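So for the sequence shown, numbering that gives the first Met the number 0 puts the first residue at 0; every next one is plus one.
Some hints here could point you the wrong way.
[Claimed, not checked] Derived DSBU-like pairs: lysine-lysine, alpha-carbon spacing no greater than 30 Å straight-line:
#: 1; residue 1: Lys-45; residue 2: Lys-102
#: 2; residue 1: Lys-84; residue 2: Lys-1
#: 3; residue 1: Lys-43; residue 2: Lys-1
#: 4; residue 1: Lys-70; residue 2: Lys-84
#: 5; residue 1: Lys-116; residue 2: Lys-45
#: 6; residue 1: Lys-48; residue 2: Lys-71
#: 7; residue 1: Lys-84; residue 2: Lys-102
#: 8; residue 1: Lys-45; residue 2: Lys-96
Everything labelled a hint here was simulated from the structure, so no lab data went into it. Keep in mind that this is a model prediction, so the values were computed, not measured.
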Amino acid sequence: MKSFLLYIHTPFSRYYSGYVQEIIVATDEYVLGILPDHAPLVAKVKISKLVIVTANNRDTYAVGEGLLNVKKDEVVLLVESIESKREIDIDRAKLAKDKAINKLKDSYNIDKEKVQKALARANNRISVYENE
0 MKSFLLYIHT PFSRYYSGYV QEIIVATDEY VLGILPDHAP LVAKVKISKL
50 VIVTANNRDT YAVGEGLLNV KKDEVVLLVE SIESKREIDI DRAKLAKDKA
100 INKLKDSYNI DKEKVQKALA RANNRISVYE NE
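Taking the hints into account, I'd like the entire structure generated from these sequences.
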């Protein structure tokens, strides 16, 4: 099967570089399946699950917000954060979820959007850890 080059970068480092057969990622508009020879596009990635399919594996990651740039034979994913299932500290994720829920309950003098994003990140990490 054909493949394409995938680069994943965070603000801190290049997280991944290699040939893949498919990725599945959620944007603000759709959940996209990117295969070789996909039409070029640029899209905003939302806090979601990322699936990377290679010849030998299907791996799932929790990703933060970012940008997706699809070119002819190359895809670049720039994300705030990325964690594989084995990198996720489930206790920390559950604690972050509880903390965000409590902050939303005491909604006096908080940045509601920031807390909602923290809750979304925690829920995403828990989902990837428990379901993949």
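Now for the hints, and whether the structure bears them out:
no. : hint             : verdict
1   : Lys-45 - Lys-102 : holds, 22 Å
2   : Lys-84 - Lys-1   : holds, 26 Å
3   : Lys-43 - Lys-1   : holds, 25 Å
4   : Lys-70 - Lys-84  : holds, 28 Å
5   : Lys-116 - Lys-45 : holds, 10 Å
6   : Lys-48 - Lys-71  : holds, 24 Å
7   : Lys-84 - Lys-102 : holds, 26 Å
8   : Lys-45 - Lys-96  : holds, 18 Å
Consistency note: the structure conflicts with none of the earlier hints.
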